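Based on the hints, put chain C in the right spot on chain A.
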Amino acid sequence: MNEFIMGIDLMAWLETVFWILLKIVAILLPLVLAVAYTTYAERKIIGYMQLRLGPNRVGPKGWFQPFADVIKLVMKEIIIPRGANKALFILAPVLFIGPAFAAWAVIPFDAEVVLADINAGLLFVLAMTSIGVYGVIIAGWASNSKYAFLGAMRSAAQIVSYELAMGFALVGVLMCAQSMNLSEIVNAQSGGIFSWFWLPLFPLLIVYWISGVAETNRAPFDMAEGESEIVAGFHVEYAGTAFALFFLAEYANMILISFLTALMFMGGWLSPFEGLGILEEWTAWVPGTIWLLMKAFISLFGLLWIRATFPRFRYDQVMRLGWKIFIPVTLVWLPILAVWIKFEAWPFN
Amino acid sequence: MKTFKRWLNSFLLYELLKGLKVTFVNMFRRKATIQYPEEKTPLSPRFRGLHALRTYPNGEERCIACKLCEAVCPASAITIEAGVRESDGTRRTTKYEIDLFKCIFCGFCEESCPVDSIVETRVFDYHFENENEKVMTKPMLLKMGQIYEDQIAADRAADAKYR
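In order, the protein sequences belong to chains A and C.
Sequence positions in the first sequence follow the working numbering and run 104 to 452.
Sequence positions in the second sequence follow the working numbering and run 195 to 357.
Chain A on its own, in the form it takes in the complex (with noise of 0.2 Å):
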């Protein structure tokens, strides 16, 4: 009897992991397909915006451009430095990339199409995005290079000021939406482009985009892998796959901001045409998600663009935005804010 109830246990113990398991590779797989191909994106575009072509030999206009890349750092060598610390240094990439796909877990695709649908997912988004900053720590300790360290500690530096900002600008979003789950937060959006959270919280969203580059590490806001002082910064000592897996981690981390961006304040999977009438019947049969991935991509675009134009900052001006202008400009934004929504002036009538 007792064993009978134990093997049902068992069975129902391994379809739930089953399950869940199908749901993380459901998620994982077009993720890792979506950085391959936010890769051969940034060089096309940088390439098209400084009047080169870009990659366009390997496939059909460079299609498979991605693959021949990834094969290349497959196949190479993982060269562990003299005197580094073995154990850590391989750790590090797995710690880096970690909470990169974790983070996926609550992002919403649809109206119920998510992972875990926890109260908290904000708060969990923002504590797996910050997480990411041991990884480049150890990465850039355990390295036992000069270099690597101090790329570490600027990037250590970095995450934790833009952390405050970022904190700050969501903060803004839970006042508008009254919670902390991300599929509330766009329900809370509804009803037309201007109900969107973009509107009221604007100088929010351009707060939270910033911080999310220079959360991601990415130039403009890229002085840990600063190619000029400190050659790749963190992961200069890394080759091959665990090279690979930074790199992976810091593409699906832009992705992962630029999501947040089209979810938080960009109406996720809302019709940009509700309530617009004939419009709106017309894009009826659009599901959401493309919307949302639609809504991404521009953000994402945006990354791209903004890597293309500006040069690096130098360091103190980073810390001189952060913690001068980012942060004083939520901490007034956020009163503002507070009185329009004890108001019920418009949009929160």
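Wrong hints could be hidden among the right ones.
Straight-line alpha carbon distances no greater than 25 Å define the calculated SDA-like cross-link-like pairs of lysine to any residue that follow [unchecked claim]:
1) K427/A with W201/C
2) K215/C with A322/A
3) K199/C with L302/A
4) K234/C with G165/A
5) K215/C with P306/A
6) K199/C with I439/A
7) K189/A with I240/A
8) K215/C with R417/A
9) K234/C with N159/A
10) K234/C with P158/A
11) K215/C with S402/A
12) K164/A with T227/C
13) K175/A with Y230/C
14) K261/C with V329/C
15) K212/C with Q153/A
16) K212/C with R410/A
17) K196/C with P431/A
18) K212/C with A322/A
19) K212/C with P323/A
20) K427/A with M195/C
21) K427/A with L210/C
22) K225/C with A322/A
23) K289/C with P308/C
Over 10 Å on every C-beta distance to chain A, these chain C residues come out as not near it, computed from the model [to be verified]:
24) R242
25) I258
26) V266
27) E275
28) G283
29) F302
30) V309
31) Y320
32) F322
33) M334
34) D353
Interface residues of chain A toward chain C, partial, derived using beta-carbon atoms under 10 Å [as the list claims (entries may be wrong)]:
35) I148
36) I149
37) Y151
38) R155
39) L156
40) G157
Everything labelled a hint here was simulated from the structure, so no lab data went into it.
None of the values given here were measured: they were computed from a predicted structure.
Ideal Cβ placement from N, Cα and C applies to all residues, glycine included.
Below, chain C alone, put in the same frame as chain A:
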């Protein structure tokens, strides 16, 4: 007022947006890339690429072993040994070698040559697979001359009025 305007401009990211506009507009302009093996940039008739030794139309080699090129070569890349040719007793080179690792492609050899023998062709995309291939020997140079004679002659003709 001026300070306020400047403050407002930096707060509204005015200059950053201007920069973004520049890159965005450039994205749709014609691309400057030359896709090398299929497309090539135009070359001047005076282009100084790989060397060649020319011959007269009757097949006689032009070089008279005067050694002017060897003397003028600033990189000492040219080595010449002269001797009497068995068949007709004329002064010819027995050895004419150019070390391509030393050569700086200045074109002085070509300018110094009284009989237009040593010339530089338009060939610039070449490679070596073995170490000893870096030295161009006399047969190699003559072969180059035979292969590219039409091009070489046309280039000399095009540039003749400036010489």
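(message) Tell me the numbers of any earlier hints that the structure contravenes, in ascending order.
(response) none
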